[in-house]
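Starting from the known structure of chain A, fit chain B with the ligands onto it as the hints suggest.
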Amino acid sequence: MIKIENLSKQFNGKNGTVTALDNINVEMHDGDIFGIIGMSGAGKSTLLRCITLLERPDSGSIYIDGNDILKLNKQELRKARRKMGVVFQHYNLLMQETVAKNVAFPMEIAGMEKNQIKERVNELLTLVKIGDKADFYPAQLSGGQRQRVAIARALATNPEALLCDEPTSALDVLTTKQVLNLLKEINKSLNTTIIIITHEMSAVKAVCNKVAVINDGRFVEMGLTKDVFANPSHDVTKMLLGIGEM
Amino acid sequence: MEAFINQYGALLLNATWETIYMTVVSTLFSYILGVPLGVALSITKKGGIASSPTFNYVTGWIVNILRSVPFVILMVFIVPFTRLIAGTSIGPNAANIPLIIAATPFVARIVEQSIEEVDYGLIEAAKCMGASNFQIITKVMLVESKPSLIRGLSISSITILSYTAITGIIGAGGLGNIAITYGYQRYIESMRYSTVILLIILVVLIQWLCNIWAFKADKRNRN
Ligand SMILES: Nc1ncnc2c1ncn2[C@@H]1O[C@H](COP(=O)(O)OP(=O)(O)OP(=O)(O)O)[C@@H](O)[C@H]1O
Ligand SMILES: [Mg+2]
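The listed protein sequences correspond, in order, to chains A and B.
Under my numbering, think of the first position of the first sequence as 1, with each following residue one higher.
Under my numbering, think of the first position of the second sequence as 1001, with each following residue one higher.
Just chain A, with the same shape it has in the complex:
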């Protein structure tokens, strides 16, 4: 379970202070596919970067299975990070390494045994349905296939949660559907909590059981996807649904 309490983050730039996250509170339960949707600049990426601690929040707490990850020391943090898999919009694969090597990467870092890694790589590539591409390089793959590699890599260390920042924004409609279906399957078969950050309503509708709408660094609406979509209360939600006006 991921629990976020009173999370805030500001950036001090040349044009003054930007409040990217303003007192965020949320609970994500095991097995949830949690969508976080909002317009550009709403603070989606910042939220994800705070959960992965690529960005240090100014205040608040982030509990993963009851432990506040903001209180961990470096060593503990490195271990805790293996409980989270991250999928990026632009895949962030090693371009000079094969698909198999990319998927093996987090396991090598964790110090797993070579034979074990090999076995697990095959298993993961089969799971994401690119078992035949093990010896390919990312440059030889399509965008959808690259994202599958990234998903396999994110799952390598058996994380409890999969965090995806705009995982389908660089993909076409059909490929988007396939990648989303894959995430859904993974959620079903492995019971992995999945957080999907997106600006596409269709992605949320397709796979998320819960959704939070973020605007100006604040969650303006949150709940079961079907409830939020049936009764949108905030203007931004209506607009994202295509029924509101600016």
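The hints are simulated quantities; they were obtained by calculation from the structure and are not laboratory data.
There could be a bad hint or two in this list.
Below, a list of computed lysine to aspartate or glutamate pairs in the EDC-like style, where the Cα atoms sit at most 16 Å apart [stated by the list, open to error]:
1. B/Lys-1139 with A/Glu-108
2. B/Lys-1146 with A/Glu-97
3. A/Lys-101 with A/Asp-65
Which residues of chain B face chain A? A few of them, derived with a C-beta cut under 7 Å, are [stated by the list, open to error]:
4. Gly-1121
5. Leu-1122
6. Glu-1124
7. Ala-1125
8. Cys-1128
9. Met-1129
10. Gly-1130
11. Ala-1131
12. Gln-1135
13. Val-1143
14. Glu-1144
15. Lys-1146
16. Lys-1216
17. Arg-1220
From the structure, some residues in chain A lie toward chain B, with a derived Cβ separation under 7 Å [unchecked claim]:
18. Leu-54
19. Arg-81
20. Met-95
Small disclaimer: the values here were computed from a predicted structure and weren't measured.
Even glycine gets a Cβ: it sits at the ideal position worked out from N, Cα and C.
This is chain B with the ligands only, laid out in the frame that chain A set:
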């Protein structure tokens, strides 16, 4: 032509060999020192994975000073040091000392540039997976910048090659030495030409080999 080869062939061959020897040894050692230095310069920058502005400033400053001293001056200046290390101040082995000292900061900057080209998203991805800084350096930075590092190697080694010719002034051997003693002091025209031609061939060869290597190594090419 035959007479020329009979008279000077062995001499030129030996000098070419010495030049290659100095270039290879100096390049090797300046990379052994320059790669860690270049990586250190890159990662200690503001926003780098081991940000340390003071270290970066001081090291960068030393590198700049070393780079701004003309090679001829540096070479003469450190003769006592060269004697201490190599036991002599003449010959290819002695020449390697100033060559390595001059080339290391150069190599460090070239390496630093290659490291800097690595997509920061990859480094962040590795961080998210719990990679240590050492793992990020060895498994991400040096791996992803490999083609760029190889292209940098061609620049460094050709620069070092041209430096070896300068060491000819203090009797280090190699083609530079031949060019000075036979081409300049004894004023033998054929020797002037042949040393230049041999140096050009070496440069072209290095460039060609590195280009092929860099292309083969770069997995972003869909081959
Ligand atoms: N490193 C930073 N320095 C300064 N301001 C930042 C930084 N990162 C984000 N911001 C600001 O914080 C706000 C939220 O940005 P964020 O990237 O989280 O938005 P987003 O919802 O992910 O948008 P998009 O859909 O365009 O990716 C923006 O106003 C942005 O300009
Ligand atoms: Mg974003």
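Now for the hints, and whether the structure bears them out:
Note on B/Lys-1139 and A/Glu-108: the hinted pairing holds, with a Cα-Cα distance of about 10 Å set against a maximum of 16 Å. The suggested pairing of B/Lys-1146 with A/Glu-97 holds, with an alpha-carbon distance near 11 Å, which does not exceed 16 Å. Simply put, A/Lys-101 and A/Asp-65 have alpha-carbon atoms about 30 Å apart, too far for the 16 Å limit, and the pair is violated. For B/Gly-1121, the interface hint holds, the least distance from its beta-carbon to any beta-carbon of chain A being 4 Å, beneath 7 Å.
The beta carbon of B/Leu-1122 comes within 5 Å of a beta carbon in chain A, closer than 7 Å, and the hint placing it at the interface holds. The beta carbon of B/Glu-1124 comes within 5 Å of a beta carbon in chain A, closer than 7 Å, and the hint placing it at the interface holds. At a threshold of 7 Å, the smallest CB-CB gap from B/Ala-1125 to chain A is about 4 Å, leaving the interface hint in force. Because the beta carbon of B/Cys-1128 sits about 4 Å from the nearest beta carbon in chain A, less than 7 Å, this interface hint is met.
Below 7 Å, beta-carbon pairs count as interface contacts, and B/Met-1129 has one with chain A at about 4 Å; its hint therefore holds. Restraint check, B/Gly-1130 versus chain A: the minimum CB separation of about 4 Å is within 7 Å; hint holds. Evaluation of the B/Ala-1131 hint against chain A yields a held restraint, the C-beta minimum of about 5 Å falling below 7 Å. Proximity of B/Gln-1135 to chain A holds as hinted, the smallest CB-CB distance being about 6 Å (cut-off 7 Å).
Satisfaction of the interface hint for B/Val-1143 is found here, the shortest Cβ-Cβ separation to chain A being roughly 5 Å, below the 7 Å cut-off. Taken as an interface hint, B/Glu-1144 checks out: its beta carbon lies about 5 Å from the nearest beta carbon of chain A, inside 7 Å. Annotation: interface hint on B/Lys-1146 holds; nearest CB of chain A at approximately 6 Å, less than 7 Å. Proximity of B/Lys-1216 to chain A is violated relative to the hint, the smallest CB-CB distance being about 12 Å (cut-off 7 Å).
Restraint check, B/Arg-1220 versus chain A: the minimum CB separation of about 5 Å is within 7 Å; hint holds. At its closest, the beta carbon of A/Leu-54 sits 5 Å from a beta carbon of chain B; the interface hint therefore holds under the 7 Å criterion. Satisfaction of the interface hint for A/Arg-81 is found here, the shortest Cβ-Cβ separation to chain B being roughly 4 Å, below the 7 Å cut-off. About 5 Å separates the beta-carbon of A/Met-95 from the nearest beta-carbon of chain B, less than 7 Å, and the hint is met.
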